[in-house]
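*Asks:* Here's the letter readout for the chains.
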Amino acid sequence: MLVTGASGAGKSTLFAALAGLLDPEAAEVTGELAVDGEPPAAARDRLGLLMQDPDAQLVMTRAGDDVAFGLENAGLPPEVIWPRVDDALAAVGWRYGRDRPTQALSGGEKQRLVLAGALARRPGLLLLDEPTAQLDPAGAAVVREAVARVVVARGTTLLVVDHDAAPWLPLVDRVVEVREGGLVEHPPGWAPVPRAAGLVLPAATAGPARLGAEQAGFTYRGTTTPALRPTSLQLHASTVTAVTGPNGTGKSTLALLLAGLRAPTTGAVRAAPELAVRGERRPHRWRAGDLVTRIGTVFQQPEHQFLTGRLRDELELGPLRSGSGSATARARAEELLERLGLAPFADANPFTLSGGQQRRLSVATALATAPAVLVLDEPTFGQDAATWRELVTLLAEQRAAGCAVAAVTHDRDLVDVLADAEVGL
Amino acid sequence: MTASLSLGPAPDVPLSRINPCAQVLAAVAVSLALLATLDAVTPAVVVAAELCLLPAAGLTDPRTLLLRTWPLLLGAGTLAVVNVVLGDAGLLGALGIALRVVGLALPGVLLVASTDPVRLADALTVHWRFPPRVAVGSLAALRLVPLLVAEFETVQLARRTRGVEAGRNPVARARLVAGIAFTLLVGAVRRAGRLATAMDARGFDSGIRRTNARGSVLRARDHLFVAGAVAVAAVAVTTSVLAGTWAPLFVGG
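Quick mapping for you: the protein sequence lines, in order, are chains A and B. Per this note's numbering, the first sequence starts with residue 68, numbered consecutively. Per this note's numbering, the second sequence starts with residue 123, numbered consecutively.
Hint data in this document are derived by calculation from the structure and do not stem from the laboratory. Every residue, glycine too, gets a C-beta built ideally from N, C-alpha and C. Careful, some of the hints might be misleading.
Quick list of simulated restraints, FRET-style, between CB atoms [said to hold, decoys possible]:
{"no.": "1", "chain 1": "A", "residue 1": "A413", "chain 2": "B", "residue 2": "G315", "range": "23 to 31 Å"}
{"no.": "2", "chain 1": "A", "residue 1": "A413", "chain 2": "B", "residue 2": "R185", "range": "51 to 59 Å"}
{"no.": "3", "chain 1": "A", "residue 1": "G249", "chain 2": "B", "residue 2": "G337", "range": "50 to 58 Å"}
Every beta carbon over 10 Å from chain B, so not counted as near; a handful from chain A, in silico [to be verified]:
{"no.": "4", "residue": "R221"}
{"no.": "5", "residue": "P254"}
{"no.": "6", "residue": "G392"}
{"no.": "7", "residue": "G469"}
Here are a few chain A residues that face chain B, going by a calculated C-beta distance under 8 Å [unchecked claim]:
{"no.": "8", "residue": "A123"}
{"no.": "9", "residue": "A135"}
{"no.": "10", "residue": "G137"}
{"no.": "11", "residue": "G142"}
{"no.": "12", "residue": "Q170"}
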């Protein structure tokens with residue numbers, strides 16, 4: 068069964084309730100919930116969980132030891148544990164030995180291992196909470212392949228909670244959507260409306276080049292293989308350039324170079340002469356205060372960029388840091404809060420926002436200083452359909468306003484809908 | 123990140139075959155000898171014996187060795203210099219102090235280089251009845267350390283994108299690092315909370331007596347190892363007494 072619905076609809080709360088993870092002192096529970104006729108907290112032995120962050124679920128340093136962890140907790144003797152560990156690893160399609168260090172695994176393989184750890188306890192119900200939300204498409208495919216094996220091989224009940232319904236449809240028999248006011252069960256054969264359907268974006272005509280990489284490459288100190296091979300590209304005003312390609316080709320590294328956060332070890336990154344700071348055209352040489360008025364950057368994880376305790380302060384920070392007066396900064400913050408629908412949260416702490424709201428806020432903080440160039444790393448990562456559309460519209464508006472936008476992305480829909488140029492690494 | 127910070131499985135070196143409990147006991151034995159005296163001969167003998175074990179811990183490459191021990195050597199050196207300049211210990215006394223610091227710390231370096239943290243936790247829970255909640259909890263926490271190091275870099279870059287940067291001002295730099303550390307701490311606490319949830323979901327809090335899948339066995343060689351350490355301590359003390367340098371820390375009433 069798949070439980071889907073927009074961000075903030077209560078899917079994760081439902082998951083936590085089913086998993087018996089709700090703190091009875093912190094939550095007000097109405098109604099009744101039963102797993103095999105018992106409250107979930109009492110039936111936890113029969114539940115297997117797979118959650119979002121693989122690094123917050125692995126305990127041991129070796130794969131086999133990690134799968135054994137749950138069996139040790141059940142007090143089983145070693146001669147029972149190891150056959151069950153091997154069994155569980157085989158069930159998820161594990162390709163390495165028991166001794167494989169867990170820290171060397173990719174995100175997808177880590178989740179595969181967590182799944183094996185849950186399976187080893189022979190749960191009657193497997194609960195999956197957006198298990199692919201922090202993975203790239205290749206990693207997500209690994210996890211779904213492992214889940215598919217498990218469902219076929221065993222008589223386990225599977226419950227997946229995910230806002231992105233489409234990839235799970237081949238694996239599930241029932242689809243339930245959480246909406247305001249309750250649950251809606253979708254008939255067999257249902258498919259979600261494509262998120263890009265009917266989206267009308269403002270058009271723009273390409274302007275002059277704003278920022279360019281000339282054979283820019285990057286090699287980390289102490290390593291010999293370059294993180295980014297020499298790459299050339301030009302970002303023009305009023306265009307969106309998508310940077311695509313498989314993992315490990317240096318997409319995020321290229322974003323760091325374009326954003327003026329790292330100096331290329333070969334080649335150069337240069338801004339247009341009109342953006343130069345006292346004749347200096349290389350962004351990594353600029354002071355941070357000069358950088359933010361020229362190039363705005365949005366990281367993959369919004370929390371990394373938040374610095375203050377209130378949304379309003381967060382939006383005023385950039386303008387203040389780059390020398391705007393406090394009145395100008397306040398006006399700019401008000402305008403952005405209003406436009407991005409964040410005004411009701413103006414005095415809230417950024418960390419209390421939902422994932423989608425945090426994403427919008429991190430884009431807004433970059434826009435607060437009205438930069439000529441916007442660099443985004445996986446801007447649509449883990450966003451539900453509604454946030455996705457908002458974000459794409461917001462970026463298209465920036466393009467229409469003359470901004471040169473570069474987006475590193477795995478998201479095919481984003482490239483199709485928004486990109487004027489695509490650079491494949 | 124760097125090799126010294128990777129907390130994954132330790133490489134299989136000869137010293138890995140010694141049970142971690144035996145290694146800890148051996149360290150206690152030589153430490154007692156080191157703490158009992160203020161002379162330079164005792165620590166010199168102990169350090170010499172410990173250095174002989176470096177190849178067994180796979181620490182033969184001078185660069186790797188330096189990478190793992192430079193903070194220790196720096197600390198010991200500083201201590202010696204301070205004692206020569208400010209104290210009344212004299213050159214030989216200062217050398218003795220530095221050697222003691224090295225002698226006390228080297229067993230730790232050897233243990234870390236040769237022992238998988240999981241095996242250490244196994245040994246401590248099996249032989250010395252350490253509470254699993256502490257031992258396994260520490261293991262889980264240890265896994266998160268390299269993640270923190272990687273995140274430090276990211277957060278530092280993220281601050282620059284917000285117009286925050288220290289430049290050359292050391293005070294601003296210290297404040298920036300403090301701010302980053304706080305951000306990381308908040309993130310680490312949140313992740314640790316999720317990890318605890320995931321561990322309990324796999325029955326860590328079930329209250330059932332935990333078994334150990336790998337087990338931990340004390341063999342004859344482990345006893346020999348501890349006996350060897352006691353012998354080293356004895357030889358060190360004897361040499362010192364015979365050489366007439368023995369200077370006990372606690373002179374009996």
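*Asks:* Each hint: holds or not?
*Replies:* Checked hints:
1. A/A413 x B/G315: 23 to 31 Å: Because 28 Å falls inside the window, the suggested range holds.
2. A/A413 x B/R185: 51 to 59 Å: holds, 55 Å
3. A/G249 x B/G337: 50 to 58 Å: holds, 52 Å
4. R221: holds, 18 Å
5. P254: holds, 33 Å
6. G392: About 15 Å separates A/G392 from the closest Cβ of chain B, which puts it past 10 Å; holds.
7. G469: holds, 21 Å
8. A123: holds, 4 Å
9. A135: holds, 4 Å
10. G137: With Cβ-Cβ at 4 Å, under 8 Å, it holds.
11. G142: holds, 4 Å
12. Q170: holds, 5 Å
Going through the hint list in order, the structure satisfies each hint without exception.
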